[in-house]
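Undergrad: Here are the chains, one letter per residue:
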Amino acid sequence: MSIVREYDNFLDLRRQETSNFLWISKRWDPKIAFRQGQSRPSPQFHKEAVLNSPKIQELIEQISSRSNISKSVLEHQVQDILDEIGYEKKFKIIRWLGLMLTKICLTVLSGIYINVEQVEQIKNQMGHCPVIFVPTHRSYGDFIMMSYITFQYDIEIPAIAAGMDFHGMWGMGTLLRDTGAFFMRRTYNDDHLYWTTFRQYVYQLVSKGDLPIEFFIEGTRSRSNKSLSPKYGLLTMVLKAFFFSQVPDIHFVPIGVSYDRILEENLFAFELLGVPKPKESTSGFFKSMKILKESFGNIYVHMDKPISVKQFFGNKVDRSVHNLGALHQQEVTDEEKKLLPSLAYEILNRQQKVLVTTVFNLVSLILNNNLVYEKDLLTLEELTKDVQWIRETVRFLGGFTHSTNIERSINDCFNTHKNLIRINRNKKIKIVSNKISHGEINHKKLKGHLLSDETMTYSVPFVTLQIYVNPVLHYFVDINIILVILSSKSMNEDELFENYHFLRSLFAREFITLAPKDKTVFNTALNNAISLNLVSLTNGSYQLENNEKLRYLIVNTFNAFYVSFLTTLIVLEGLPDVTDEKSILTNAQKLLENSIEKKKDIIHPYSLNLDTLGNCLNSLVDERIIQKTRRNNKTLYEIYRSKLMEIKEHFVRIIPKYYVEESCQITSNRLQNKL
Amino acid sequence: MSEHNQKNQMQGPIVVKSVVPKNRQDLIKWNGWGYNDSKFVIKEGPEIYFSGKRYPIGEQRLPHIYDWAKDVLNVDLATAKPKKIQGLPSEDLYPKPNITAENLDKISSLGISYSTKVIDRLIRAHGQTLHEIYTLQNSTFTRIPDIVLWPTSHNDVVKIVSLSNESDIVVIPFGGGTAVSGAPECPHNESRTIISLDTSQMNKILWLDKENLIGCFESGIVGQDLERELKQLGYTTGHEPDSYEFSSLGGWVATRASGMKKNVYGNIEDLLVHVKMVTARGTLEKNCQVPRLSCGPDFNHVVLGSEGSLGVITEVILKIRPLPQCKKYGSIVFPSFENGVEFMREVAKRRWQPASIRLMDNDQFKFALILKPESTYVALVLDSIKKFYITTIKGFDPDHMCVMTLLFEADEADVKINEKNLYNLSKRFGGYPAGEMNGERGYMLTFVIAYIRDLGLQYEVVAESFETSVPWDRAVTLARNVKFVITDECKTLGITHFLINCRVTQTYDSGCVIYFYLGFNHSGLGDPVVLHNRLETRARNEIVSCGGSISHHHGVGKLRQKWYPSTVSDVGVGLYLAAKKQLDPNNIFATNNLVPPSKL
Ligand SMILES: Cc1cc2nc3c(=O)[nH]c(=O)nc-3n(C[C@H](O)[C@H](O)[C@H](O)COP(=O)(O)OP(=O)(O)OC[C@H]3O[C@@H](n4cnc5c(N)ncnc54)[C@H](O)[C@@H]3O)c2cc1C
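Chains as they are written, first to last, in the UniProt record's numbering: chain A, 1 to 675; chain B, 1 to 600.
Think of the hints as simulated: they come from the structure by calculation, not from any bench. Computed from a prediction, not measured in an experiment: that's the story for all the values here. Just so you know, even glycine gets a beta-carbon here, dropped at the ideal spot from N, CA and C. Treat the hints with care, as some may be off.
[Stated by the list, open to error] DSS-like cross-link-like pairs, simulated, lysine-lysine; straight-line CA separation at most 25 Å: (1) A:Lys489 to A:Lys316; (2) B:Lys39 to A:Lys208; (3) A:Lys208 to A:Lys305; (4) B:Lys491 to A:Lys31; (5) B:Lys427 to A:Lys208; (6) B:Lys491 to A:Lys123; (7) B:Lys22 to B:Lys43; (8) A:Lys316 to B:Lys39; (9) A:Lys316 to B:Lys43; (10) B:Lys580 to A:Lys55; (11) B:Lys204 to B:Lys22; (12) A:Lys305 to B:Lys491.
[Stated by the list, open to error] What follows is a set of in silico ranges between Cβ atoms, one per label pair, in the way DEER data are often shown: (13) B:Thr567 to A:Lys582: 53 to 61 Å; (14) A:Tyr232 to B:Pro585: 35 to 43 Å; (15) A:Tyr232 to B:Thr567: 47 to 55 Å; (16) A:Glu75 to B:Ser294: 57 to 65 Å; (17) A:Gln330 to B:Gly494: 51 to 59 Å; (18) B:Lys70 to A:Pro30: 49 to 57 Å; (19) B:Arg350 to A:Asn68: 30 to 38 Å; (20) B:Thr567 to A:Phe45: 49 to 57 Å; (21) A:Pro30 to B:Gly494: 41 to 49 Å; (22) A:Gln330 to B:Cys288: 53 to 61 Å; (23) A:Pro30 to B:Gly45: 19 to 27 Å; (24) A:Leu175 to B:Thr567: 47 to 55 Å.
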């Protein structure tokens, strides 16, 4: 990744032109992804093609003869399903929305920055095979941004895979559909007719459609502003067209969308802490309209070079395995499925690499450390100095911050984030905290423990701040692990790598990686740590070096995650062999709340977040320490105790001491009695 | 020959005087395609025309080629200097024949005509792939036959083969030399003496059996001789591969050839009633000439497609048909390739195919226009067409439309019905009848197109064709994907000017045949044969990935060996090798076709 990057502010164009209306009503002759013969396929064409496909027709026949429902009834059902799924294209609405959006963006944003050169290149290459846009998904804004940008650059507006929760929003569902969204149910039931129809629809769009397709590989918005482990459902559906040779290639375009300020930051903080997610409703949407009176700084959209799956898979895929037999009766093979993770992680890694690090990410990194772990609050000058310092480090590690004048950018942060940070009368920077009191809450709806008003009041601002720290953590995680291990003692490379591998595997979900065993990643991190004067090598043994300021920052920044993991291990130890997910999360949060109150140690409130706790559990599942099953709509875990003990012992041996343990023993004992 | 139907038969064999002389180079190019007198010629101006009177396009100005060559292939025929190519080889261009005096003695004592002249050996050392023609024009083959033999009968062949088997001499059968798979080429590192067994002087019509509508022919007879002679007697085999002017009956059987009119007459395997093949173990044949036989695995199918590797085909009994009453061309234009294919699929479903039905894609359609002898410029032609079709036939886009050519051969009444049915049905697929002329031109061009490579070669443009068979439902995607892959690979190789187009040339119940043309300008890019190989390999990989076959009719030869094992399975390879071992224990038919030598 070259550090020199060029972005154009697309809003400048809007500000300079005499009439936005003229722009929005420009002649529309966009570049399409995959030319399909002489006439362009319509939304209706796709639906009919799905209904008439041998796949669906045969299924209808089967169901009909098995359950004695007439074929026409079933055909109607499929038609209804297709109407629920299918995208539309209403150009008037697109233009109208575009105009609204322009007005809104011009008031609340200073800039929408795009790497135009690459966008033009992608555009020039389009026309010959399906193009899939795969943006990061960290705000609802992503939906809108992508369509907005493609409109600007005369690229056909993508068909976007959206969750059905949008569909429920009054008016919004229709609006999104009219601009090209298609809808996917979130509930994973075994409604065979629905899922076969849905899969066939995606297959149709990829193989016979000409629009770019957009979907979010993480499956959902990341509340933590970090990359999530990939979901393979849609990816499989998309790739099927390639595996079946229905298309010559597929180009995946990883896209990083970063926000100076995320529209949903507050909502995310609550959700992370476990306040039930309010169903997305239009009133929620109108609330967001109010928010739009505020300032949201800049948005950065970086489109990366397309990944050609043909090149990416190379000889690893043999498409001729589908040559015998009717195609529509075949499925993606296990061999093919095994190839998906490498592609998914490649996309995610590329997204992370191209994401612009905002100045506020750096500010948050410094402030988070200062506010939680240091005695003296910072002045603006001190903050600026530190931000400049850490910016160099992040740049060294591959991050890119878009700012021509860092002082001004930092100043802007205090405007954009005035709900979160503020300079007080003594010229010191403080976090803004508002008293929170929740009313009636249905315990059944909680995923975890009902945190007290005090805990919430204290935690929400820090969790919100952490949301902005998170996007830079992937630059540091490998170095952090090395530093944490070397803090326990000096050691040679083999021992270091062994411990690194151990911790990196446990964090493989929190800081996503497909290959925690990767020696080259480790070596790069180690070399970087040496270059940054964090680590040195003498007589074949690695030890900590004297760049203490950076070391404290890197170690402190990750404390919350170690604490969450430790807590999870403690809780699992105290719980029965088979335990449901909610009990684990509840106990962990309870225990952490306790530790925070007791104040024996500084426990970062982010450790309370359910996202991380869930990742801990998933990592333990990956490592076969616990096993996940579903029964009666409940997620249960079976705990392999001896393995758990082994892992905990190793974990505790190499990580810093955190004072959660003592208080917890009481808690978990008491819990056990209750259970 | 059975006694009772002898009266139906001719008195003795017909000795056919072949169009192609024993000294092949007197009539046909020694280093290119076709007749010496037929080629694309550029005169001052530049004026481009096709020489000779053999084809209807001959001696007419073809003005559109100029602009087209410039646009598509970046060749300015007015200024570019044609490349200098090697002249007829001298005796010292190749090593002296690798043959002992003793063996030469033995051979000459057979009393069979032979030659050890370099020109005779070289002319029989190759087929018609790009690699072979390019080598002829620019360098030398690593190995050519040491001696050419011209047997005139089955018995001659028996003698040659048994001598060879005893003396460990290699025999490579040679028919018309039109193979496009590298099949006739000598293995590079063959250290034994290689005989090129030229079948051309073994071309008699041995007998016709009009009662049963079959005829027995010697394998060296070439297509045009066979058809001319039969026509005089009121018959035809109906087997008409595009190479039929020069390819031989033995070659057809050895490569599993397919003729344009197979819908009416069948492919070579359908036409073949009986075949004699001389192997190192003796002659493989049957004791009857029956229409069908249930008698274990059909050994005809061991002979068919054996590509010279198991023995020499000497005599073949083929079905013959009375000449058709009516022969008529036709054409239909479609708004897009996809429409055309859908129509073809429907025609095949109803089994309504006329003798031939072919669909050119848009690029080929345009190319056909380029070869029109008219005086307006290309742009004008395209423009007038644009106007014409857009105004008169709504919805036709000149960048998407396609043309289908048809050939009817049957009784007049049947042709009428067939025509009517097809034209009516085509409307459902957006088709529009476009006249007999266009159809006839389409078929004529097929023969002429083979000549255009020689023109390109003079201007750093190389061209080649390749084909496949594919199930119906995968045909369109296969064509599309192959074009994509070629475009992609050209980009990788730095090729900026190229063409890749295709046509559907045959239809079957369950699938069709797609035939691709590929050509590109290679100036400044290095060895064009290497470049082409990369392109064709990628294309074939893609074809196989898309459900297509290694080949519909060109065969495997040496060019497509790579895909042979995966096509037939390891057991299949073993089965072939077992047959090879049994029929040819000393590997004297060391053609190295089908299975690479390492496996033998
Ligand atoms: C312009 C052009 C158009 C073509 N069109 C068609 C087409 O429409 N359909 C089609 O099927 N093919 C076509 N071909 C390919 C080629 O013409 C066929 O493969 C043809 O059958 C080869 O016959 P041949 O006599 O030229 O054989 P050759 O090229 O001489 O030999 C081909 C192989 O068969 C072996 N062989 C030849 N004769 C005998 C024999 N008597 N006994 C044993 N083995 C023998 C040779 O050893 C060699 O391995 C075309 C080729 C060209 C150049």
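Undergrad: Give a verdict on every hint.
TA: Now the hints, each set against the structure:
1. A:Lys489 to A:Lys316: violated (43 Å)
2. B:Lys39 to A:Lys208: violated (43 Å)
3. A:Lys208 to A:Lys305: Satisfied, since the Cα-Cα distance of roughly 24 Å is no more than 25 Å.
4. B:Lys491 to A:Lys31: Measuring from Cα to Cα gives roughly 20 Å; hence the hint holds.
5. B:Lys427 to A:Lys208: holds (24 Å)
6. B:Lys491 to A:Lys123: holds (17 Å)
7. B:Lys22 to B:Lys43: This hinted pair is violated, its Cα atoms lying about 33 Å apart.
8. A:Lys316 to B:Lys39: Violated - the C-alpha atoms of B:Lys39 and A:Lys316 are around 46 Å apart, more than 25 Å.
9. A:Lys316 to B:Lys43: violated (53 Å)
10. B:Lys580 to A:Lys55: Judged against 25 Å, a Cα distance of about 45 Å means the pair is violated.
11. B:Lys204 to B:Lys22: The hint holds at about 15 Å.
12. A:Lys305 to B:Lys491: holds (17 Å)
13. B:Thr567 to A:Lys582: 53 to 61 Å: With Cβ atoms ~57 Å apart, the hint holds.
14. A:Tyr232 to B:Pro585: 35 to 43 Å: violated (55 Å)
15. A:Tyr232 to B:Thr567: 47 to 55 Å: Taking Cβ atoms as reference, A:Tyr232 and B:Thr567 lie about 33 Å apart, which means the hint is violated.
16. A:Glu75 to B:Ser294: 57 to 65 Å: violated (47 Å)
17. A:Gln330 to B:Gly494: 51 to 59 Å: Violated, since A:Gln330 and B:Gly494 (Cβ atoms, about 38 Å apart) do not stay within the stated range.
18. B:Lys70 to A:Pro30: 49 to 57 Å: violated (31 Å)
19. B:Arg350 to A:Asn68: 30 to 38 Å: holds (35 Å)
20. B:Thr567 to A:Phe45: 49 to 57 Å: violated (37 Å)
21. A:Pro30 to B:Gly494: 41 to 49 Å: With Cβ atoms ~30 Å apart, the hint is violated.
22. A:Gln330 to B:Cys288: 53 to 61 Å: violated (45 Å)
23. A:Pro30 to B:Gly45: 19 to 27 Å: For B:Gly45 against A:Pro30, whose Cβ atoms are near 44 Å apart, the range 19 to 27 Å is violated.
24. A:Leu175 to B:Thr567: 47 to 55 Å: Check passed, 53 Å falls within 47 to 55 Å.
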